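Peer 1: Here is what each chain is made of, one letter per residue.
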Amino acid sequence: MKNGLGVPQNIVLFGGTSDIGCEIVRQMIQPGVANIVLVSRDIDSAETRWNTLLGDESQVNVHHVRFDGADAGSMVDVVKAIVDEVGDIDVVVVAHALLGSHSDFLKDPVAAASVTTVNFGATMVLLLALGERMKQQGYGRICLLSSVAGMRVRWSNAVYGSTKAGIDGFALALDGELRRHGASLLVVRPGFVTTKMTVGMKKAPLATTPEAVASATVKALGGNGTVLWTPSAFRFIFGVFRLLPESLWRRLPLG
Amino acid sequence: MSRERLSGWGRTAWTSSDVVEVRDASDVKRAIGLEHRRGAIARGLGRAYGAAAQNAGGTVLACADDGRVNDVHLDAVSGLLTAPAGLSLDALLRYSVPRGWFIPVTPGTRFVTLGGAVASDVHGKNHHVDGSFGQHVESMKVILSSGEEITLSPNDNPTWFWSTIGGMGLTGVVSEVTVRMLRVASSQVKVETRRLSNLDEVIASMSDDSDDEFRYSVAWVDMLASGRSLGRGVLTRGNHATASDVDGSEPCRYDPKIRLAAPPWVPNGLLNKFTVRAFNEAWYRKAPADAHVGLESIPAFFHPLDGVRKWNALYGSNGFIQYQFIVPLERVDVLRTVIGKFSDAGVASFLAVLKRMGKSNAALMSFPTEGWTLTLDLAAGSSRLPGLLERIDELVLDAGGRHYLAKDAHVSAMAVERAYPRLAEWKSIRNEMDPRRLWTSDLARRLKLVEETS
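Protein chains in written order, with numbering that gives the first Met the number 0: chain A, 0 to 254; chain B, 0 to 453.
Since the hints were derived computationally from the structure, they do not count as laboratory data.
None of the hints are false.
With a straight-line Cα cutoff of 25 Å, these simulated SDA-like cross-link-like pairs (lysine to any residue) come out:
id: 1; chain 1: A; residue 1: K218; chain 2: A; residue 2: R178
id: 2; chain 1: B; residue 1: K426; chain 2: A; residue 2: E84
id: 3; chain 1: B; residue 1: K447; chain 2: A; residue 2: G86
id: 4; chain 1: A; residue 1: K134; chain 2: B; residue 2: R4
id: 5; chain 1: B; residue 1: K140; chain 2: B; residue 2: E431
id: 6; chain 1: A; residue 1: K79; chain 2: B; residue 2: A412
Partial chain A-side listing against chain B, Cβ under 10 Å, derived:
id: 7; residue: M0
id: 8; residue: K1
id: 9; residue: V32
id: 10; residue: G86
id: 11; residue: K134
id: 12; residue: R179
id: 13; residue: G221
id: 14; residue: N223
FRET-style restraints, in silico, Cβ to Cβ:
id: 15; chain 1: B; residue 1: P263; chain 2: A; residue 2: D67; range: 46 to 56 Å
id: 16; chain 1: B; residue 1: K340; chain 2: A; residue 2: S102; range: 55 to 65 Å
id: 17; chain 1: A; residue 1: S155; chain 2: B; residue 2: F273; range: 49 to 59 Å
id: 18; chain 1: A; residue 1: L53; chain 2: B; residue 2: K340; range: 24 to 34 Å
Predicted model only: the values in this text are computed from it and were never measured.
Heads up, the beta-carbon is just placed ideally off N, CA and C, and yes, glycines get one too.
Using the sequences and the accompanying hints, generate a full structural model.
Peer 2: Structural data, given as structure tokens:
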């Protein structure tokens, strides 16, 4: 149960090794936080990473749960396992995703299917399960890491971008339903973030860092909004981009 | 039944519950019989500051009802008053004061129900003389989760009685209360007001024998004053005025009015350290330097903030918390440290009230013990607050102090376990009274007062 200062007692992170996800949860830790649940495919790296992040002084109970982001069928059970472990979920950050390489998808189109499953299909199942739990609780906040890449899809990043477009759309609709039951959802749309996911890629304009995305996200989670663009200028930039005719959009030198 | 977003008076930690209106015992019994996936809790007028009377995803029984004032029975000889628990102290006082009877204990607002007063074991400015509300309860009826309505009194099942007093509604729904009223000759209070220039003076004035000559005693403290003025304040003490003190033919005339209303929208941060500092300075200067005695009405003396409708909205959408703790009498040093920490941090408290409390009662989870209690209103938006309050919690707990559950919105389960020595005993009595584990609230979940049901 969150307290009167807005501090959540129980925080859950899907993607316990995600750079942005870890940074969001790290920045949320303050007096009053009792449990963090880290849901990861690779528990060992999550443990190593979080031991370093928290240090020895930490008062927070850390729980690790293993999951496979591609296994849609397991999502309901994963949510149940978390609730059995810590009780009500005050805030859950859904940060796991696959990026993939566009040239690889062209050589092996089937590889695109696993990106679709992780980023869209299985995440949708997860959001449905989390949403039902939060409706039952009568409160709670879901944070979904989306991307500006989904706001207008470019060919050079079309697989990732279209999965984000899909899950972003689903999440917005889910937020409306959650709010009728006391819960809510925040869709975070970062631009290019320098993380291990984007290592080796050419930096896009307005590139940002996990720290900056996290700090904006933590602030927005404390508020009541549904959408966060970070950096905030993207809200206006994509407001324009989304209006451009397809012929012009394709010719923009955006990489 | 309707799904509603609820919060306490502090307007923080909103959650949704299924709200069921209940007017009488048969309504409560019917509501208990419904399916409850996440338990149920009774709610009165929602004046507990935190999450004591809401139940995220579960059921809330809305009990406040001033419509049953005709069911009040007052014995004009013994002063025993029996009333439905959903009745507010406001309605009760309108009934009893003109008849020459006052409620034995009133908190700072009259907009609480009798049931809420029992569940929180509320205290008032007379705690050093009269103790808290529970001591004045002759008997009460409680509806258990089995649907059975039982009568509890200090003689008849004292264990269950003293577990329900201060039990935060987690033992059952209080349906009727019989309370011993206080005979008064007028509706006025003879009040002595004194300005005191630092904490030492405030403590000294409230500690000497003169304090016991006043039934009511409380000090307002300027939390932003520092240096030699640290803890300066205004001490007000009073007794019910006699008929001869009061002019006119109707000494018990009682007509409380709500004069102002908070505007419908207020920006966050309106009450900040600059505005509060200006208010504090004016408030301190307004009090006479030498002791001054005058007559005040019951609403003006006991319930000044009730004169402003929805004053809790002045904190904006972020809401506020009321932080109230108590430390033993000899730990004035902790008070000084705490006031110093707030003053240094520049964290503004619009209201800061200091009171010397008398002996504790037999209620297992009652807040008051002999000591000093300090009450602060703090805007909830500040990101520094969780850290600051955690350090202060630590000081309070190390000194053998505790926090008031009816106000609490932030302490940890561990803090309650450390501070309330009879918690484990109370939990097992509670489980005996509620074997199906029906009663729960957001407060109970956060502080692990009951076992999780789902």
